[in-house]
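The hints should help you fit chain B onto chain A, whose structure is shown.
Residue numbers (my numbering), protein chains in the order written: chain A, 1 to 330; chain B, 1 to 152.
There may be inaccurate statements among the hints.
Some chain A residues close to chain B (C-beta under 7 Å, calculated; not the full set) [claimed, not checked]:
1. Leu114
2. Ser215
3. Ser217
4. Ser221
Quick caveat, the hints were computed from the structure, so don't treat them as lab data.
Heads up, the beta-carbon is just placed ideally off N, CA and C, and yes, glycines get one too.
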Amino acid sequence: MLHIADRLYAASRLSHFFRVHNVTISIQNALKGSDLISIADLSRTDLELIIQIAEQLDRELPPDLFKGTILATCFFEPSTRTRLSFEAAMLKGGGSVIGFSDVSSTSTKKGESLPDAIRVIGSYADIIALRHLKEGSARAAADATPKPIINAGDGANQHPTQTLIDLFSILRCQGKIDTLHIAVAGDLKFGRTVHSLCQALAHYSVRLYFISPESLSLPDSAQHELKKKGVKFSFHSSLESVLPKIDVLYMTRIQTERFSTMGELIPNPCLLKKRHLEKVKPNFRILHPLPRVDEIEGLIDPTPYAYYFEQAAHGIPVRAALLALMLGRI
Amino acid sequence: MIEKTLSVSAIKEGTVIDHIAAGNALKIISLLKLSDNETPVTVGLNLKSQSMGLKDLIKVENFCLIPSHGAQIAIFAPQATINVIENYKVAKKFQVQMPEAVHSILACPNARCITQSEPIQTLFIVEENHSSVFLRCRFCEKLFSQDLFHEK
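This is chain A alone, in the form it adopts within the complex:
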């Protein structure tokens, strides 16, 4: 199975005409038949193509777009938004869904290997969305079947479809990505959405600010990649110091057990209160991959700065766009 990056430059590029909402778009679909395992596999051209199609499908999702196709949602780990938005996207487009959301109902309990399970499921479905506890599981699954695999989260490694939603949301609420000042706060060490987002934003001309407890700061490898791409970034110990400078704040959840030392809790510098928003820019928006616990005060929800629920709703057009491109339906 070729991965998306390999496909992009494949000689067999085909032009397709995609008509929706009385607008005809000519696209070069290099994603047809590819896997989406890591955001690192995607070029800026790929990212922009997916966002462009998501914009169209958000306006109108043709009810027969996925007619005759089957999506298998194989969730070896629990999920709410990711699985349901994949399934909703497929069903809205007239496709069918099979799958499971509980590992105890699968043959894994009998000792079946992941490659064997995926090989079999690949003979039942046209495309597979996989979430698994182990890092690298999606890549291993892609090796086991010729059907396209979408990584819906592999341990603490990657969650590329969340990143696509994040980019779509930034573009939707700001009208652009280049030149933005974006802060990322919370668990920067273990948060897979943070690592994927940094990789994607490295394709753009952005200024990044990182806020976290010292013990959960961005890993050296992620910093190294940003430096290689020439992205300017800085580290900060509190939200208040950066809020007036930024256009987007990307909040993530910190698991309490991760920032305790010798049983003593270190103060969490990433708790956003309504009173912190007095000096923010008018275009300032808050994103969060959800679920949140206490890192964003509920009083912020009704303000124009809260964009996280709209962000979650973007899961359907973005995942529909990805399904359509990978299935070659546009």
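Coordinates of chain B only, in the frame set by chain A:
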């Protein structure tokens, strides 16, 4: 140079792996499975070296390196030189070449990597940065320095 090479013990026919960064000789012996047969192997640890300060050295009698061996050695000893010995003399000398990727022979140090729990062949992409060698797991995408690795 020959005098230095022979400082541990002379061999009539075989291979001398020289200029191994101190502390890596035993890893290379393990990786090349040199202790699995009856071939005599002589090891020098923490030998004085003008260019490296301290170095390790391995002499293997009646043993001829193949290209894949050179690639494996390069991961743990990028500065290593290979001396082919014939009749007590260095008949051929060359430096190891860093491979682009390492297949199957190394285990991923990441305990949460899928290759730790499933029957999957490992693959690492070699990345060099400021003369340091790093390996990126194709599966979990983590980047590791070579000193974290052990054979699979």
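Verification of the hints:
Annotation: A:Leu114 was flagged as interfacial toward chain B, and the flag holds, the nearest CB pair being 5 Å apart, inside 7 Å. Annotation: A:Ser215 was flagged as interfacial toward chain B, and the flag is violated, the nearest CB pair being 19 Å apart, outside 7 Å. Evaluation of the A:Ser217 hint against chain B yields a violated restraint, the C-beta minimum of about 17 Å exceeding 7 Å. The closest approach between the C-beta of A:Ser221 and any C-beta of chain B is roughly 5 Å, which is under the 7 Å cut-off, so the hint is satisfied.
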